[in-house]
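Each protein sequence line maps, in turn, to chains A and B. Residue 12 in the working numbering sits at position 12 of the first sequence; the count goes up by one each step and never skips. Residue 1299 in the working numbering sits at position 299 of the second sequence; the count goes up by one each step and never skips.
Hint data in this document are derived by calculation from the structure and do not stem from the laboratory. Virtual Cβ for every residue (Gly too), placed ideally from N, Cα, C. Any given hint could turn out to be false.
Unchecked claim - No farther apart than 20 Å at their CA atoms in a straight line, the calculated lysine to any residue pairs in the SDA-like style are these:
{"no.": "1", "chain 1": "B", "residue 1": "K1333", "chain 2": "A", "residue 2": "E180"}
{"no.": "2", "chain 1": "B", "residue 1": "K1333", "chain 2": "A", "residue 2": "G225"}
{"no.": "3", "chain 1": "B", "residue 1": "K1135", "chain 2": "A", "residue 2": "E180"}
What the hints assert, rightly or not - Some chain B residues close to chain A (C-beta under 10 Å, calculated; not the full set):
{"no.": "4", "residue": "P1039"}
{"no.": "5", "residue": "E1043"}
{"no.": "6", "residue": "S1059"}
{"no.": "7", "residue": "G1082"}
{"no.": "8", "residue": "V1134"}
{"no.": "9", "residue": "S1155"}
{"no.": "10", "residue": "E1209"}
{"no.": "11", "residue": "P1216"}
{"no.": "12", "residue": "N1217"}
{"no.": "13", "residue": "A1367"}
{"no.": "14", "residue": "R1402"}
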Amino acid sequence: MGKLRIGVFKFTSCSGCQLSMLRVNEQLLNLLNLIDIDYWVMVSDVKGKGPYDLALVEGSVSTPEEIGEIKEIRSRSRILVALGDCATYGGLNSIRNYMSQREVEKLVYENPTSIRSTTVRPLDYYVDVDIYLSGCPPDTSTIVEVIKDVALGVPPRLPKYPVCVECKLSENECLLIKGEPCMGPVIKAGCGALCPNLGRICEGCYGPAVDPNAESLLDKWREIGLSEREIVCKLRKYAGLSKEFKRWSGL
Amino acid sequence: MSKRLEVPYISRVEGKGTLEITIKGSEIEELKLRIFEAPRFIEAILVGRPYYEVHEITSRICGICPVTHQITALRAVEKAMGVKVPEHIRKLRKLLAIGGILSSHALHLFLLALPDYTGHPSVVEMAKAYPGVVKAGLRIKEAGDGLIELIGGRSVHPVSTVVGGFTSIPTQRKLESFKATLLKAKEEALKVSDFVLDLDFPDFERKCEHMALHKPNEYPVNEGRVVSTEGLDVSEDEYRKYVYEVQVGYSTAKHSLVKGRGSFMLGPLPRVNLNYGNLSDDAKEVASRSKFKFPCFNPFAANVARLLEIITLIDEAIAIIDGGELEGPSRVKVEPKEGEACALTEAPRGLNFHSYKFDERGFVTYASIAPPTCQHLRNIELDLMEYLKGYVHESEKEIARRSEMLVRAYDPCISCSAHFLEVKVKKG
């Protein structure tokens, strides 16, 4: 088995997904038996032009330049992974799509004329994506699993069921029943119910589970006492642009 | 005739930046550190959000230093809501922040900066030549990441942090058992100290204002007075009276200047310069073997400062755990109210300033964030102008290499500042 030639790319994002990859720490040296880093600017001066067996792309597309770049990367990659929520759904960056661009720019820059940005989009708005690896950030071991799966040539098995499944397996007391506005029932598993295990409500950072019943959860939140504004804020955080949450997030 | 040199997309730093240098004869005509990181508009997306989400959103400013953006936001929100957190929460937050700095410093020093001095394009090649050094760095990073996870649940974007405290706090027993990992990391740091001290650091000094937090009896991380080598000594609430921001046309990052003076440097070197007395004994012993004498104004010495901080902060973390009294209620109750407040903390890269206003139901009406990279960008440019003077006749490749090395010594965090590096050199 030859080594996988990989490229890691950053679009509009915080580098958190790359950091989650680097969280392998000492295992990194083992992982290097499996991959050749052809392009990863944060880690190496080598700026290879591919073709890449595997491109891991972090971030959403939010500038005219990025639109051209993602198409270019797609054309040089065999398998393209949307790494994290920004790449998969638009992520936290997409919150600004609900505000006027001028208004957003003026809130941050006194003189926004030199600032060039467009509507925030996930990668698949512009190119085909082969694997969606959501999470803010995606779990380290899941990223490693996906790299191994690609090396082995098998499709990765990522959960589509809700966080509640993992939460039940952890034998946690249900936070929703306790009257806290948990998002677990509509959010994809994969984190191992990390937050509920620590007594924190699920904030939705893995994006929507398959076929979620958001309507019913919203009723429960209203019963708990969440305002309509708070509900919109919750759904408009990591995956407001997703087809599952779009109806309630306000676009 | 002028010549334009360009380093497109500076590697081994976090985020996207370009350096453009125009050289005319033996003069550097123009030098611009241009950040082409796509703006994220974090301050704008915070407006209209509830107070309890602020730290969760600011965490996403940066994947390398999420902890500092959480703690700074939490402290500002709590001040605005009139909440004071108990001492054990304050200590646990310091442990969390120490984890953040250990992880970030180890990543920067051993994985990103060291290849500059060993002559390798990346840690991958360097690991073949110096496996022991790279492993030591990765073990220190592991200790930092592990400490964040122990307190915050996750190393990138911790989850148990909330306004008023934590949703859950570790038991004293769990903290005690983590000490072995910290001690191992310190041993690794001491073992590689000679290697780091003996690196061929460029001989360069430029006197500029160094600024950092200061506390009398502890190494400052989450709080303290703002002091500088030019005599500044103010509280966080007075900070904006003395330090102001300017937008520059060629960059998505704003610069900061001290009123009446100019640019300044932040981060590990200023912190060590201004808090030398608070370094731990073992860190002072390592410092005494360094060719740098503190206070030191050679920006490359920041790499030695990182090592000194790694040792000091591990010692402080162990002292906090040994001190006990870390158990108690995980959080205090917070009632939203109208208000405004700011907070300053020491991020791995230096002073991190957050300021917010809230309406009567606790929704954000105003947000302003000045991360360290942003604040001292102008200082990096001025350092480069001075440093490159001696090398204008070198090849473009050599000028670019030296520039990147200096920029990297600042450990810029470009995602943070874009609200950063490619190097373009014009020469002629």
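Against the structure, the hints:
1. B:K1333 - A:E180: Given that 20 Å is the threshold and the Cα spacing comes to 15 Å, the pair holds.
2. B:K1333 - A:G225: holds (17 Å)
3. B:K1135 - A:E180: violated (43 Å)
4. P1039: holds (6 Å)
5. E1043: Status holds, d = 5 Å.
6. S1059: holds (8 Å)
7. G1082: With Cβ-Cβ at 22 Å, over 10 Å, it is violated.
8. V1134: Holds: closest Cβ of chain A sits about 8 Å from V1134 (chain B), inside 10 Å.
9. S1155: With a minimum Cβ separation of about 6 Å from chain A (threshold 10 Å), the hint on S1155 (chain B) holds.
10. E1209: Hint on E1209 (chain B): violated, closest Cβ of chain A at ~25 Å, above 10 Å.
11. P1216: violated (34 Å)
12. N1217: With a closest approach of 32 Å, the N1217 (chain B) hint is violated.
13. A1367: holds (8 Å)
14. R1402: Nearest chain A Cβ about 14 Å off; hint violated.
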